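Which chain is which? The protein sequence lines are F and X, in order.
Just add 43 to wherever you are in the first sequence, counting from 1, and you've got the working numbering.
Just add 30 to wherever you are in the second sequence, counting from 1, and you've got the working numbering.
Derived from the structure by calculation, the hints contain no laboratory data.
Nothing here was measured: the structure is a model prediction, and the numbers come from that model.
The beta-carbon is built from N, C-alpha and C at its ideal position, and this holds for glycine as well.
Nothing false has been slipped in among the hints.
Listed below are several chain F residues computed to face chain X (Cβ distance under 8 Å; list not exhaustive): (1) 109; (2) 111; (3) 208.
Quick look at which bits of chain F chain X covers, simulated, 3 or more residues with Cβ under 8 Å: (4) 51-62; (5) 263-276.
Straight-line C-alpha distance at most 30 Å; calculated DSS-like pairs for lysine-lysine: (6) 147/X with 49/F; (7) 84/X with 129/X; (8) 105/X with 49/F; (9) 215/F with 147/X; (10) 84/X with 49/F; (11) 49/F with 116/X; (12) 339/F with 177/F.
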Amino acid sequence: MIELHKDQLIVRFPDVHADAELRIDFQRTLRIPDDDREYPLPAGLGRFPLRHVDDFAERVPARWLEHGGVLLPMYQSEALWINFDGGYPCAVKIAAGKINAVTGDAYRPGLHRGPQDYAVTPGQPWLDGFCVEKGIIRQFVAMPLGAGYSAEEQITGAAEHGGLQLHVYPIKRQHYRPPIEGASVTGAPLGRALFAKSFDMGLAPGGRMRQEIYRDHRPLDVWDLDHGHRCFVHLANSLVWRAITGEEPPSTPLTARDYARAHIPWFEYYAEGETAVDGAGVLQRLKSVVAMGKAKGDVPLPENESLTPQTVIDLRRGLVKGQVREGRF
Amino acid sequence: MTTGFGDYVRTRREALRAHDDRYSLRQVAQRIGVEPSFLSKVERDETPPPSEAKIVALAEELGEDADVLLALAGKVSSDLQAAIRKRPELFATLIRELKDLPDRAVLRLVRDVRDGKW
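Looking at chain F on its own, in the form it has when it is part of the complex (with noise of 0.2 Å):
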């Protein structure tokens, strides 16, 4: 089962293991200039607000309504990063648009090998766009859907599911060892439209970024297929939020500026041991939005000035229990 509690997904496999436990929720951030430096990771700028979407159903389209799920507000040109948080292990497919973001294939059930389709938590705290390269990835940007940016359309040319998916599959009950006490991190939560016609948002390629999805070192038959959880998360542009929810949506996004100004620190996250998966070569050869933009005669992103980070904080996995990304501002 997924409980939705405090714009936190809760996954929940009770039939596998009274620990068998996944939080996720989606990160507000800061969007990285897309010009093609790298950057490490930026702070997590506090929870996008997620709602059931049967609550609404009289004013979500049809089609929302057939996928379930949730719904989350989203800026256009805003940029997010998922965080997960659970000491159960468990293996997590991540699809926007129906596109897998680690390797760039169409979304199917399941989980799979060479290449490894899945990330695995604990060990990876965050996932903050497409894998394009070993080590780098290209941040989860929200485009309108229709407009040819996002990372569904580059690939199929079809804009006809948007959002994001998520499927959990917990570690088999005879494979899961409790975590010892201090030595895990548990991945705790360690930023205008310029065209809104869509109703729905597309996450496409942004800036890159340093991080790594890590290999699954376990065999692939310890993962408890029987018992997966799935998640259709829609991204509901921010100025129609209103008009569904009858809520105020966030305020818009932080500019790289506001960023630097407030001496918001910056990430870098290494955990020894691991090894990354390669990038996948269809996300690397995905325009970002900025290269789009410019094939299409467009300034999509408002702000993309690079800049310098200067706070950049190492956190290194193992050693502070609940180490956490975000900071206070």
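Got chain F; can you put chain X on it based on the hints?
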């Protein structure tokens, strides 16, 4: 059941203060909008716990669950009270029926995020 509220708050605040001076009595009191002397009395259980709003602010400050702190203070949050007052028979029955069930069984009753056809 107010016993233990102050003690719990003090223990939690001091644990945080061991790593961060911003969790001094004075600074926490200032951030939640009460006098340090008042928070000190609350922590020593010399005065009843503060208002719901202050307890919620304190929970947020200390990284604690607001419902847990409210329960320690012998209170129930106003949104839960409103939900019960709206459908008193239903919720009274529900709570009585569920009170002795193990968490695992209760979790099955929590609203599930519905999965549809992708």
